[in-house]
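Undergrad: Below, each chain spelled out in residue letters.
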Amino acid sequence: MASQADFRDRQFLAVIGDEDSVTGLLLAGIGHVTAPPDNQKNFLVVDAKTDNSAIEAAFERFTTERKDIGIVLINQHIADRIRNRVDTYTQAFPTVLEIPSKDHPYDPEKDSVLRRVRRLFGE
Amino acid sequence: MSGAGDREAVFPTRQSLGIMKAKLKGAETGHNLLKRKSEALTKRFREITRRIDEAKRKMGRVMQIASLSLAEVTYAVGGNIGYQIQESAKSARFRIRAKQENVSGVLLPAFESYLTEGNNDFAMTGLGKGGQQVQRCRETYARAVEALVELASLQTAFVILDEVIKVVNRRVNAIEHVIIPRTENTIKYINSELDELDREEFYRLKKVANKKQRDTAAADAEMKKKKDEIAARGEENVSPEPEEASGPSDLLAAEEDEDVIF
Chain A
0 MASQADFRDR QFLAVIGDED SVTGLLLAGI GHVTAPPDNQ KNFLVVDAKT
50 DNSAIEAAFE RFTTERKDIG IVLINQHIAD RIRNRVDTYT QAFPTVLEIP
100 SKDHPYDPEK DSVLRRVRRL FGE
Chain B
0 MSGAGDREAV FPTRQSLGIM KAKLKGAETG HNLLKRKSEA LTKRFREITR
50 RIDEAKRKMG RVMQIASLSL AEVTYAVGGN IGYQIQESAK SARFRIRAKQ
100 ENVSGVLLPA FESYLTEGNN DFAMTGLGKG GQQVQRCRET YARAVEALVE
150 LASLQTAFVI LDEVIKVVNR RVNAIEHVII PRTENTIKYI NSELDELDRE
200 EFYRLKKVAN KKQRDTAAAD AEMKKKKDEI AARGEENVSP EPEEASGPSD
250 LLAAEEDEDV IF
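If you're matching them up, the sequences are chains A and B in order. Residue 110 in numbering that gives the first Met the number 0 sits at position 111 of the first sequence; the count goes up by one each step and never skips. Residue 20 in numbering that gives the first Met the number 0 sits at position 21 of the second sequence; the count goes up by one each step and never skips.
What the hints contain is simulated information worked out from the structure, not anything from laboratory work. All figures in this text were calculated on a predicted structure; none of them were measured in a lab. Please note that a few of the clues may not be correct.
[What the hints assert, rightly or not] Derived list of chain B stretches under chain A, where covered just means 3 residues or more per stretch with a C-beta under 8 angstroms from a C-beta of chain A: (1) 51-57; (2) 80-88; (3) 93-104; (4) 131-142; (5) 154-160.
[Claimed, not checked] Below, a list of computed lysine to aspartate or glutamate pairs in the EDC-like style, where the Cα atoms sit at most 16 angstroms apart: (6) Lys109(A) / Asp52(B); (7) Lys211(B) / Asp258(B); (8) Lys66(A) / Asp8(A); (9) Lys89(B) / Asp37(A); (10) Lys20(B) / Glu7(B); (11) Lys48(A) / Asp17(A); (12) Lys206(B) / Asp258(B); (13) Lys57(B) / Asp106(A); (14) Lys101(A) / Glu71(B); (15) Lys98(B) / Asp8(A); (16) Lys89(B) / Glu116(B); (17) Lys40(A) / Glu59(A); (18) Lys40(A) / Glu86(B); (19) Lys40(A) / Glu18(A); (20) Lys187(B) / Asp5(B).
C-beta: ideal position from N, C-alpha, C; glycine also.
This is chain A alone, in the form it adopts within the complex:
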């Protein structure tokens, strides 16, 4: 339960998503770029040309390296591309949330948390 102490300074959200999702969420005002010199963005735009390794690296950076992110939003079809990585992520902080995108409707069967819910109730 080491994760209980360190959530006080987590105040940002992070997004890994396609262009439309990221644009919309940035419009809501969640975008944040850390101060120079590192200029780290808290969002990643993924398109068909983006490597899985790049997605994985971003996921890794948002979930383990950065200590100021409380929620990681990831489009479900992108989570599918690194499904193994998302499924094995079990920490409480930051929370990983799979969100639907415009072109890909939401499928509750694929969500790693909902699957755990289902398994617990023996369905």
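Once you have looked at the hints, place chain B on chain A.
TA: For chain B alone, kept in the frame of chain A given last:
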């Protein structure tokens, strides 16, 4: 009976019997309390899972509406504003903070969203045309993100509760199936050993009493013989010597006993 089963390595004394009894009592109290805690947490857990299910469905709808409003913006602005927005994002206006909620001693964090005042990265977006749509889109997305934050706190609570419930149940089972039987076994063992000691002690005392009786009987017989002799002589001699030991010797008398060796 004494060696059967798993028990703790203690000396069978009355003191450790007392300790074991206290321990058993403590284990039972602890078991009850933990069981109740686990039940309270499970109740909370079920509630949360139900709400997660609902919130996930709600999120699907909300995000759909939000993407629709973004499409409106794209149409109104007449081009893709994605790059412009990505480049002009500097500092987060929409932030979250975590507060804690206590459920039976488990701290569950809950996210709360808030808007920081006075920074607007997208003041220029849609300046030419479609400013209204952009504004509306921002509001829609802000509402969507609020729903997402709520869902995220439920999910965090879910993960933490899941873990805590596992730990508590493990403890309940350990107490119920390991500690309590073992303590009971130890108490049984100590009791049987103590009974054994009691029987031994009783037997020893009986032996001692027997030996004493035999000795006294022998001493009596001797004394009587002496008395008879003196009495026979006393017909002539009128001054009998004062007797030293008469009657059966007192077990509790202060005179020293010789050690009895069997």
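Undergrad: Does each hint fit the structure? Answer for all of them.
TA: For each hint, the structure was consulted:
Chain A is given as covering the region 51-57 of chain B, and this holds because 4 residues of the stretch bring a CB closer than 8 angstroms to a CB of that chain, at least three being needed. Here's how the region 80-88 of chain B fares: 5 of its residues keep a CB closer than 8 angstroms to some CB of chain A, so the rule of at least three is met and the hint holds. Coverage of the region 93-104 of chain B by chain A holds [criterion: at least 3 residues with CB-CB distance below 8 angstroms; count 5]. For the region 131-142 of chain B, the stated coverage by chain A holds: 5 residues have a C-beta nearer than 8 angstroms to a C-beta of that chain, and at least 3 were required.
Closer than 8 angstroms: that is the beta-carbon criterion, and the region 154-160 of chain B has 5 residues meeting it against chain A, so the requirement of 3 holds. In summary, the hint linking Lys109(A) to Asp52(B) is supported, as the alpha carbons are separated by about 13 angstroms, within the 16 angstroms threshold. For the hint linking Lys211(B) to Asp258(B), the alpha-carbon distance of about 11 angstroms falls within 16 angstroms, and the restraint holds. A hinted pair counts as satisfied when its Cα atoms are at most 16 angstroms apart, and Lys66(A) with Asp8(A) qualifies at roughly 8 angstroms.
Between Lys89(B) and Asp37(A) the alpha-carbon distance is near 13 angstroms, which keeps this suggested pair within the 16 angstroms criterion. Between Lys20(B) and Glu7(B), the direct Cα distance comes to roughly 13 angstroms. Compliance with the 16 angstroms bound is thereby established for this hinted pair. Annotation: proposed proximity of Lys48(A) to Asp17(A) holds, straight-line Cα distance about 11 angstroms (limit 16 angstroms). Among the hinted pairs, Lys206(B) with Asp258(B) is consistent with the structure: their alpha-carbon atoms are about 13 angstroms apart, no more than 16 angstroms.
Among the hinted pairs, Lys57(B) with Asp106(A) is consistent with the structure: their alpha-carbon atoms are about 13 angstroms apart, no more than 16 angstroms. Between the alpha carbons of Lys101(A) and Glu71(B) the distance comes to roughly 13 angstroms, so the proposed pair stays at or under 16 angstroms and holds. As the CA atoms of Lys98(B) and Asp8(A) are separated by approximately 11 angstroms, the hinted pair is consistent with the 16 angstroms bound. For the suggested pair Lys89(B) and Glu116(B), the alpha carbons sit about 14 angstroms apart, so the restraint of at most 16 angstroms is met.
About 14 angstroms separates the Cα atoms of Lys40(A) and Glu59(A), which keeps this hinted pair within 16 angstroms; it holds. Only pairs whose Cα atoms come within 16 angstroms are accepted, and Lys40(A) paired with Glu86(B) is accepted, the gap being roughly 10 angstroms. Distance restraint check for Lys40(A) and Glu18(A): the Cα-Cα separation of roughly 15 angstroms lies within the 16 angstroms cut-off, and the hinted pair is therefore satisfied. Of the pairs offered as hints, the one joining Lys187(B) and Asp5(B) holds, with about 11 angstroms between alpha carbons and a cut-off of 16 angstroms not exceeded.
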